[in-house]
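If you're matching them up, the sequences are chains A, B, C and D in order.
Using the numbering used here, you'd call the opening residue of the first sequence number 1 and step up by one each time.
Using the numbering used here, you'd call the opening residue of the second sequence number 1001 and step up by one each time.
Using the numbering used here, you'd call the opening residue of the third sequence number 2001 and step up by one each time.
Using the numbering used here, you'd call the opening residue of the fourth sequence number 3001 and step up by one each time.
Hints are supplied without guarantee of correctness; some may be wrong.
[As the list claims (entries may be wrong)] Below, in silico cross-link-like pairs of lysine to aspartate or glutamate (EDC-like), each with a Cα-Cα straight-line distance of 16 Å or less: (1) C:K2058 - B:E1039; (2) A:K61 - D:E3076; (3) B:K1061 - C:E2047; (4) A:K61 - D:E3135; (5) C:K2056 - D:E3135; (6) D:K3056 - D:E3135; (7) B:K1061 - C:E2076; (8) C:K2058 - C:E2047; (9) D:K3058 - D:E3033.
[To be verified] Which bits of chain C does chain B cover? Going by a derived footprint, with three or more residues having C-beta under 8 Å, they are: (10) 2015-2023; (11) 2063-2077.
Everything labelled a hint here was simulated from the structure, so no lab data went into it.
For glycine and all other residues, C-beta sits at the position ideal for the given N, C-alpha and C.
Residues per chain, in single letters:
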Amino acid sequence: MRVNIRVFARLRDIVGAAELDRDVPTGTTAQRIWDDLVEEFPDISTYSGSISTAVNAEYAKMETVLDDGDEVAFLPPVSGGELPG
Amino acid sequence: MRVNIRVFARLRDIVGAAELDRDVPTGTTAQRIWDDLVEEFPDISTYSGSISTAVNAEYAKMETVLDDGDEVAFLPPVSGGELPG
Amino acid sequence: MMGLARLAVTTERLNLDALIRCVHDAPISDGSEGTGAVASFLGLVREYNLGRRVVKLKYEAYEPLALRAFERIDNEIVERWPTARLALHHRIGVLTIGEVSVAIVVASPHRADAFAASRYAIERVKQIAPIWKREFFKDGDVWIEGATTDPDDAAAREEAFRLACV
Amino acid sequence: MMGLARLAVTTERLNLDALIRCVHDAPISDGSEGTGAVASFLGLVREYNLGRRVVKLKYEAYEPLALRAFERIDNEIVERWPTARLALHHRIGVLTIGEVSVAIVVASPHRADAFAASRYAIERVKQIAPIWKREFFKDGDVWIEGATTDPDDAAAREEAFRLACV
């Protein structure tokens, strides 16, 4: 099955694209997609502890099992605006 | 000497004018002007405990002694807007 | 073009955009960061007050003293929030439902100050500005009176700070 | 004329007046009193951030999720302040100094609710909206990252309520 991967901000810079399509086996989780992405783009590994995930534009857990045609997004921490004070 | 008396809101309604000029003796206080006004317009007496006073557009005490040409204003409680909540 | 006064009592319709430009274009006291936040407040003539249906309102001010009250509030704000910049206009005369009676804008580098100072400003206006409100109903009218607050009353200032959450 | 969406992510310049009309004209949930207060917040591109002089900013959003975050914030506000009505627009793309990146308007019968809900809204936007900011300097640029906040994180919501002073 095929999934659409979306990355943002510095993740996007490192990956060099906003979207990637990947063919993956049935039963693949968001976590597995991320791990494959880290293998392909080792510089994103620093985000492994801080990214959020969304599947089809809904926040989701990394353990979520994907379906054919799903859009999985990896979101770096949001800007949070100014520092306190 | 002559002073200019200014009244507002319901005080103005009762007095029937926004301004009054009155000739008063030297040494007259804002309090005395108010007392004379109460004598002239008894309905304003309910405000004796709640008015503020200004002399020449500065808040002042009722004991302030007026000078010739002074503007003395009697201010009912301000609207305060909505009630709490 | 003449700049708009930051503080005013006016019979004209209030213009929020003009007030925002007024504080936004103005240099911020410490000049160090620039404007990052603009908090605004509009008070409108509400259709119902204390359960009565309002037809229109009339605001009356002792204008020179009201302006001095606004200057006082402006000074109090700069004293507490040195990088904040206030614009404060109050309308007087007859206003109908939905019209804006008071407009307050505070610009500052950070949002916490803009929110707090704008809330403080409206509380202080309600406390100390010599502006009275007459409500007209279908069959009558009434002057709305409240507490008289001495501008020097420290407890009232504290209450305004408390409501501004500082 | 089509009404303006109350919630939006847009590359267009933000228009505060249009947002105010949008919440002002809208019926308030309880329909009982009418709008008496409109609190607004604008976030602007500040010239200095963390001591660095900013030339421009670029905002990037995951738009569908950002809109859902806005809807979530809207629901949270109605739940806590049933008579409040929110409009919330965030701009994306390249912005220069002084331009408005986020505009928030809350209308309600009374001012306490309008102030609190507008502050709550911006805190929640900063917490949960998937919108990233890239700062450009004279000689470089950096993505500004912050804490990741789970939208369901009750502690984060409490912090937003605390900052809104409720």
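Find the hints from earlier in the document that the structure breaks and name them by number, from lowest to highest. 1, 2, 3, 4, 5, 7, 9, 10
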